[in-house]
Structures are given as C-alpha cells and as structure tokens.
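So the protein sequences, as listed, match chains A and B.
Everything in the first sequence is counted per my numbering, starting at 1 for the first residue and increasing by one.
Everything in the second sequence is counted per my numbering, starting at 1 for the first residue and increasing by one.
Heads up, a few of these hints could be off.
[As the list claims (entries may be wrong)] In the DSS-like style, the derived pairs of lysine-lysine whose C-alpha atoms are separated by at most 27 Å in a straight line are: (1) B/Lys574 to A/Lys187; (2) B/Lys642 to B/Lys613; (3) B/Lys54 to B/Lys135; (4) B/Lys54 to B/Lys108; (5) B/Lys54 to B/Lys574; (6) B/Lys108 to A/Lys187; (7) B/Lys565 to B/Lys642; (8) B/Lys221 to A/Lys149; (9) B/Lys642 to A/Lys149; (10) A/Lys149 to A/Lys187; (11) A/Lys149 to B/Lys108; (12) B/Lys565 to B/Lys406; (13) B/Lys581 to B/Lys642; (14) B/Lys565 to B/Lys581; (15) B/Lys642 to B/Lys588; (16) B/Lys135 to B/Lys204; (17) B/Lys574 to B/Lys406; (18) B/Lys108 to B/Lys221; (19) B/Lys204 to B/Lys226; (20) A/Lys149 to B/Lys581; (21) A/Lys187 to B/Lys135; (22) A/Lys187 to B/Lys588; (23) B/Lys378 to B/Lys135; (24) B/Lys108 to B/Lys135.
Treat the hints as calculated values from the structure; they're not laboratory data.
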Amino acid sequence: MSARPLNRDPLNLIVTGVGGQGNVMISLIVGNALVSEGYFVTVGETYGMSQRGGPVMSHLRVSGERQHSPFIPEGCADVILGMEPAETLRMLGRYGNLRVVTIVNPRPIYSIDVTAGLAEYPQMSQLLEAIEELSAQTWIINATEEAQKLGDPMFANAILIGALIGSGLLPVDRAAVEGVLSDTFPKQIDTNLAAFSKGFELLQ
Amino acid sequence: MASIEIDAPGTSQLFIGNEAIARGALEAGIGFAAAYPGTPASEILGSLAAVAAKVGIYTEWSVNEKVAMEAAAGASYAGIRALTAMKQNGVNVVSDFLANLVMSGIGKGGFVLVSCDDPAAISSGNEQDTRPIAKWFDIPLLEPGDFQEAKDMTSWLFDLAEELGTICMLRSVTRIAHARGNVTIGELPHRQHRAYFHETHDLKSVMPTPFMPIPSVPRHKLLHQKMDRARERFESSPFNRYVGPESPELLIVTSGSCWLYSRDAVRALRLEDQVGILKLGTVWPLPEEFVQIHLGRSQTILFIEEIDPFIERSVMEMAANLSCSEAPSVFYGKRSGHINAYGELNPDIVIQAIRRILGVPYEPRDADYADRATALAKSHVPERSMGFCPGCSHRAAFWAMKTALKLDGRNGFVTGDVGCYGLGLGPTGYFQARTLHCMGSAPGVASGLGQLDRFGFSQPVLAVVGDSTFYHSALPALINGVYNRSNFTLVILDNSATAMTGFQPHPGTGMTAMAEPTDPVDTEALCRSLGARVEICDPFDLTGTIEVLLRTMAEEDGTRVVMMKRGCELVRKKSAGPPYKVYVDTEKCIGEACGCDRLCTRLFLCPALIWDKDAARAAIDDIICAGCGLCADICPQGAIVKEAA
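This is chain A alone, in the form it adopts within the complex (with noise of 0.2 Å):
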C-alpha cells in the first residue's frame, strides 16, 4: 500500500512519561496501525534500566519516503504526547519548537527525588502554564480520572491514544488504530475500545 503524503516529513511523534506507565504500548500500537497505511515508521524507545521509575520517552517517526533514525533531533518534535506533565515540559525543553502541539494528561507521578525532598515538583498550574507557552497549541486531558472511572488508570493509555487519534495530527484512520487496539489487548476489548472513545471524543 502506498501512503498518503506528509505535510512534513518525517512526521516527529514523542510519547513521554515515567516508566512502567504503558509508554511503550501506546507507541506499539500507534506504529502498528501506521505501517499498515502503508508508511515507514521508526520507534524508538527507552528500555532497561530507565523502566525503573526513571523518565521514558519514545521518537515515533513517520515517513512517506523512507525509514529514519530512532531519534529525533533536538527542536524538531512535530507532536508530544505526554502521560505526566513534568516529563512532557522536559521534552519540550530539549525537542519543542513554536509549531509543536502538545497532549497532556496533567496527573503529576512524583520521583523518589521529590518525595525525598531533594527536589521540588512544581505547582500543577505552573507547569500546565509552561507547557502552553512552549505548544502552539495544548490539549490537556484528564486521562487517569477518567480511566478511574472506567475501573483501572492503566486505561489513561487508550484514553490517550484517542485523543492523538482524535487530534487528527497523524495520517491514520480511526478504524486502523481500533483493530491494532484489539488485536493486542483481546480480553479488555470493549473497555479499551470506550477508553479510545473517550479520548477521541474529548478532541473534538
């Protein structure tokens, strides 16, 4: 299959949290949904030794032409999807740039260097205020309340991808991402798939 072409391309995708939050995950799935539209995508990501509680991030790429380097070059992020706000400031810091657009589930996982008092968590309203002056434009959804409310927070992650789904910034049809949804969690479907909704729906 032949992809649509980009508007820039490669097209720059950085998912950021903390590890053990399902960063990987969203990658996988979001990766998967587009190579079967025809493009090349590169994922890159951080494993190992980072899973342990420490700052995960991974370069999604997207290309019409050919495969790219795991990495994304600093100031050249076209889209952060942040699962935690402090990491997703972090990651604006090193790749944001004035066209970014940000996604931002705004539930704060504080460090052990924070609980330690060695270092200080900003206020939320601070942080949520540097990261729309960084964005050209921000999305903040509330995705762990609301995967509480569908019974278990791991659901913020296909809450999350519905709203970069819904966002419409990635060159995939809702349906491609849906089918990837369910292939890959087949117990959980229909809460997943409402979790998906959830977040396409809170971008429209």
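Position chain B relative to chain A; hints supplied.
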C-alpha cells in the same frame, strides 16, 4: 501486531531489531537457538522461544552464554543451523570457546553469533564494543544499518557460515535491537531437520581431528584462507553502498545504527548535494577494493561509528598502502576529536561534526524559543532517579542489609552484582553496594576479602547476587569461598525470575524456554551440599531478616549463604491484585514533628509513598502503590495502615 512466525511473505511488519534478527533466522531455516538473557539482546531468543514449538525448532535459555554457545555448536556439528545471541558482556564470557571454535571450524549447519552492544551503557555496566573480537579472532562480521538489514543479514550469514565453514557474527546495538522499524518479510522454509554427527578421525588428512583446534598451525592458516574468501564475497555485497553526489565535498564512512543518523544529519543540513555517505554492512574483513574506490571520491573523510574507531582504524591501515595521489588528505573522526569514542551517537552529534568541518549554519528551532524552553525545563522539571519498583523485594532486602550492617557496627559492606539489584548502588538500595563489575563477581571479590583477616581485616562482607546470576557464574565463586574457608556471606536475592531482562526462566524455576516444566535445581540443597551453612528468610519479614543477617555475620567461620526468597512483584501482579490496601492515618502521622526525619519518604524511598506538602503528612499514591504493606512495618508511629485487600 504480528508475531515473528507470521506467514505473509512480502508484507511489511513493524519489528524491533531483535525480532527482525529472529525472523531472519527462521527464514534461514534454523533448528536450534540458545542464549542467556541480557539487555539489549534478550528478545532474539525470547521471540524464537515463543514460536519454537509451533515452527518445530529447539530453543533454550542456557545457564550462561558460554554454555549457550557450546550447545549451539553441538547442533552445528550435527548439521543443524544454529544461533546464539548475547549482549556485549556475554561475548567476553564465550571468548574462550570462541577462540577455539574459529580454529576447529563449524559443522555442516551454519552457525551465527549475534552480539548486541549497548552504547552509553543504557542497561549495562560498560559500553564495550565487540567488533574488535571479530578482528582479533578472525570472524566475518556484519553490522545492520536498519531493521530490514537486521533480518536479511541474519539469513545470509547462515549461508556464508556454511560456505566458509566458520562462525559468522552479526553486531547490533541498542538502537537497532530495541528500536522498531519496517521489515518486509520473506518466505519461511519448510525444512525437515535431521541431526547426525558424521565426522570421524581421518588419519590421511593434514587435519585428522574433526572439530578441534589442533593441529593449530595448519588450522590457523586455513582460517586465514576462510577470511580471504569472506573478503572476496564482501567486495560485491549489497549491504555496502554509497549514496550522494559523484564527488562530494565530504565523504562520511559509516556503519550500523550510524547509517540512519548520518542520513538524517545530511538531510537536516540540506547537504545532500555536497556530502556523500559510504555505508558499510560487511565491516570485517574490510572489502578493501570497494572501500578504496569510494575513498577516491573525496579528499575529506569523516568516520561515524559506535563506539570504538573500528572502521576508522581499519580504513586508515588500508589507506597507508595507497599512493599519495590516491589517498584522501584529511581523516576526521574519533582520532581528530570530531566524534567521541564514548557514549552513543545520534543525528545531532553527526550534525555538529559536519558543521564543524564544513562551517555550515543549522538552526532547528527559533533561538529565543530555544532559550526559553531550556530555561523552563531547567527550572520546572524535577530530577527523576531510577529506583526499585513499588513492591519490589529488593528494597526490603537492602533495607534489612543496611540496618543489619549498621547494628553490627563493624563497618561491613555489600559487594554488588549484575541484575535489578545492581540498583543497590543507588538511592533505593541505600547506596549499600560498594563494588559492581560483571556477573558473579560479588562472591568472587568477597571470597578474596574474606581471606584478609590475617592482615587485620574484620569488616563483614555481604556478597549480593540474584537467583539467575547465582547459576550463571556465582556458583564457582561460592565453591571457591567454601573450599578455601573464606569468611563472607553470600546473599541470594531469590525472586524466582531473571527480572532485569524480562522474566526468563533459569535452572531454579522449573520451567524451560519453551514453557515446558522440568525439575528445578534445589538451590538450598545445592549450597548445603558444598558445605555452606544456609539460612532462608523472607525479606518482607524485616525483623526476621535482620536477625538472620546479624547472626550470620557474627559467625565469622567459612562461607555462609542467606537466601532471601520473595517473588518479583512485576510477575506477581500479572496474576493477582495488591495484597493490602495501604493508607496513611493522618491523625497518627505527625509529620516533621515525629522525629523520624520522614523515614518513610526521605529514607525508605518507595515511589508510591509521597509527601503531601500542603498537609505536611505522608500520603500514598494509589495509582502507583503495589500494596506490599512494607511501609506499614517501618513507620515508627504506626501511622501507615495496611488492611488485607
């Protein structure tokens, strides 16, 4: 999302490099794969093991890398295509066998070694480059530049290995192994594997013995002939190619993950008409004629590779034979300081190196924006140190060891080892580990320290290893300690998993790589049979564990073993919910007034135990809490409550 055995030739799949390598091995018709887990290599054997029964191959998590390679060699000798895969440290473990294998040659079944290096040591103790071993031992070596090549090269290497009669090596790195990309898959063969050991002693031959390194001299000569043939094959390999203008101002010579970094960098700088890229896939032996032709394109060369200047040195050695008119005039790279010989590379590093040489501008984002973004991230984003997971038994184990060592009062310390508990050197292990090297080195180092009483040494030593590491290489050090009556305590953190690398089974678990049950080795009985005294405890019983440690350290006679048994939380939570509902009784918690110095949040360091600044009390983050209830046992005020969930 496809599994590696998907039967859909011609379709494009999104595979991590490790899956692409495994798929390549399947397409080549392997029958045998053995490995010991190690990041970033683990998913090669892991993904093969997941489909082994279905596709009719044998896979094994071996006790260590050396045994894995020896087992795979056995399969090759009996005519079965075989693969072994390991992280860079594993190549050191196999090196003794490998040095002899190159001399003996392989069997009729092609044999491929995959080494996954870890530049920047993201999940390792070091960032060793394994390519020099190919040069040192005379092994044909390929490096994939993307995910497609990871598959295609693996497949081809089996053919090459059989043609040459020698083991061939594929060198991957973390950013291939663990990154994902498109892989167009090929046909899966329908091969009937038949194993038979044909070779007999042939007295009429110059080399009468099959599969032995002796007689060494003629075999060494034969090995060099094999390498010459490999070089000839590499001269026309499609894995080597050039992209760029006919006569570029600057020629990049690159390989592996750096191929895509180089392409991205040239594009970001919009220098496609001025900079050419020579991408090498067959990196040892160097295809000298091919390289020489392309070197002639430019007077200025820049080498981009991770980590050592391997290609850089090889090309410069080769260039020493060129006449003045043929040779480029300037070589940039690690020798010139334009590229570091440490840490991993990325497109930005390549961009900066090209800019330094050609003096071209680059502004990926508005300069004012860049200043503001950097400043906001610096002032608003807190540090996030790594630590043990919520509910991890290692946190309890290190808390008990810290407490016991303090109560003992003789300045005792921990020698550390490789695994999740390597984090014992950091804040959540309370900085207890004082040494950390390779697998199994904790008891090795301790067995030496334990002999120093004759020189006045009286500090207790706790050597800490995990259960998988115990079998990998701690066992010989334990035997050494027991037999030589060394005074130390081996602490086995038995969480019934190789947790760091993805929960692979090991000989203590009673399960094989192919998910078949087998009799587990009884670790306790094994240690006792050596003559070591063994104590068993549950690290979540902090008081009991501290008592056991104090008693054991006081014994001072020969080597003791303390087994701390508690399953990995990440495994447990897959099949069961949290055992306790944990909360803070805000009436009982008196915050800073307690005098405990915020033991729970400042010292114990569980990510789920947070400090509510507004209330000035401890709190539990329900989203993160695993419900282990350990914090309820350490709060001096009894303010943390655990209720059976």
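So, going through the hints one by one against the coordinates:
no., hint, in the structure
1, B/Lys574 to A/Lys187, "14 Å, holds"
2, B/Lys642 to B/Lys613, "22 Å, holds"
3, B/Lys54 to B/Lys135, "38 Å, violated"
4, B/Lys54 to B/Lys108, "24 Å, holds"
5, B/Lys54 to B/Lys574, "25 Å, holds"
6, B/Lys108 to A/Lys187, "45 Å, violated"
7, B/Lys565 to B/Lys642, "22 Å, holds"
8, B/Lys221 to A/Lys149, "72 Å, violated"
9, B/Lys642 to A/Lys149, "24 Å, holds"
10, A/Lys149 to A/Lys187, "19 Å, holds"
11, A/Lys149 to B/Lys108, "61 Å, violated"
12, B/Lys565 to B/Lys406, "22 Å, holds"
13, B/Lys581 to B/Lys642, "6 Å, holds"
14, B/Lys565 to B/Lys581, "23 Å, holds"
15, B/Lys642 to B/Lys588, "14 Å, holds"
16, B/Lys135 to B/Lys204, "32 Å, violated"
17, B/Lys574 to B/Lys406, "36 Å, violated"
18, B/Lys108 to B/Lys221, "20 Å, holds"
19, B/Lys204 to B/Lys226, "22 Å, holds"
20, A/Lys149 to B/Lys581, "19 Å, holds"
21, A/Lys187 to B/Lys135, "50 Å, violated"
22, A/Lys187 to B/Lys588, "42 Å, violated"
23, B/Lys378 to B/Lys135, "45 Å, violated"
24, B/Lys108 to B/Lys135, "24 Å, holds"
Hint compliance for this structure: hints 3, 6, 8, 11, 16, 17, 21, 22, 23 are broken, all remaining hints hold.
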